[in-house]
Amino acid sequence: RLIATDVIGKTTTELRNYATINRGIEDGVREGMACVTDAGLVGLVIGASPHYAVVQLLLNRDTRVAAKVYRSAVDGMIQWEGEMQLSLKNVPKTFDVQVGDLVVTSNYSLKYPANMVIGTVTDVRDETNSLFQRILVTPAVNFGTLEQMYVIDHIPDPERVALEDSIQRTLKERRTER
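The sequence shown maps to residues 504 to 681 in my numbering.
Since the hints were made in silico from the structure, they are not lab data.
Computed from a prediction, not measured in an experiment: that's the story for all the values here.
All residues carry an ideal CB built from backbone N, CA and C; glycine is no exception.
There could be a bad hint or two in this list.
What the hints assert, rightly or not - Label-pair ranges, simulated between beta-carbon atoms:
| id | residue 1 | residue 2 | range |
| --- | --- | --- | --- |
| 1 | Gln671 | Glu650 | 17 to 25 Å |
| 2 | Val602 | Gly531 | 38 to 46 Å |
| 3 | Arg677 | Thr631 | 27 to 35 Å |
| 4 | Phe635 | Ala507 | 34 to 42 Å |
| 5 | Pro553 | Thr514 | 44 to 52 Å |
| 6 | Leu666 | Gly531 | 24 to 32 Å |
| 7 | Thr679 | Val602 | 18 to 26 Å |
| 8 | His657 | Pro553 | 38 to 46 Å |
As the list claims (entries may be wrong) - Here are the simulated DMTMM-like cross-link-like pairs (lysine to aspartate or glutamate), alpha carbons at most 20 Å apart as the crow flies:
| id | residue 1 | residue 2 |
| --- | --- | --- |
| 9 | Lys596 | Asp578 |
| 10 | Lys596 | Asp565 |
| 11 | Lys614 | Glu667 |
| 12 | Lys614 | Glu662 |
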């Protein structure tokens with residue numbers, strides 16, 4: 504089920520961008536639900552009140568999305584670095600990625616349903632002194648003109664979310680201790 508919403512506030516020029524929508528808990532919107540337009544993935548609900556919710560957009564430095572190149576099934580991680588495009592990270596140089604390839608959410612995504620359109624590959628470069636390619640992806644959604652979106656009435660398995668979040672926190676703590 505899709506819950507239709509209007510965007511009643513948003514930022515798109517900050518390092519951490521959000522949208523406020525006019526549907527909330529009383530409409531079935533819950534934290535952790537993915538948001539889309541007809542074009543593709545918008546982001547994730549990170550907070551909800553009875554009548555409103557806040558969506559963390561793809562254009563947010565804290566957003567990470569498990570993704571894959573649809574044509575070749577190459578897995579990577581989508582991240583926004585403050586530019587107009589997204590980066591597909593952790594893709595080795597030997598893997599097949601081409602300009603024009605469609606990038607979608609991965610089957611391994613914890614928070615997003617599989618095969619949701621993220622965008623199109625617009626640049627592939629070999630990075631010097633790196634095992635990985637630099638892959639730029641233009642988002643399918645035009646965030647500048649975003650006025651409406653749908654919330655997908657689906658919550659990921661809470662047990663899996665809690666376990667994986669716990670592991671990520673532990674790993675982050677270990678890295679900062681060094």
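Hint by hint, work out which the structure violates, then give me just those numbers in ascending order.
-> 1, 5, 7, 8, 10
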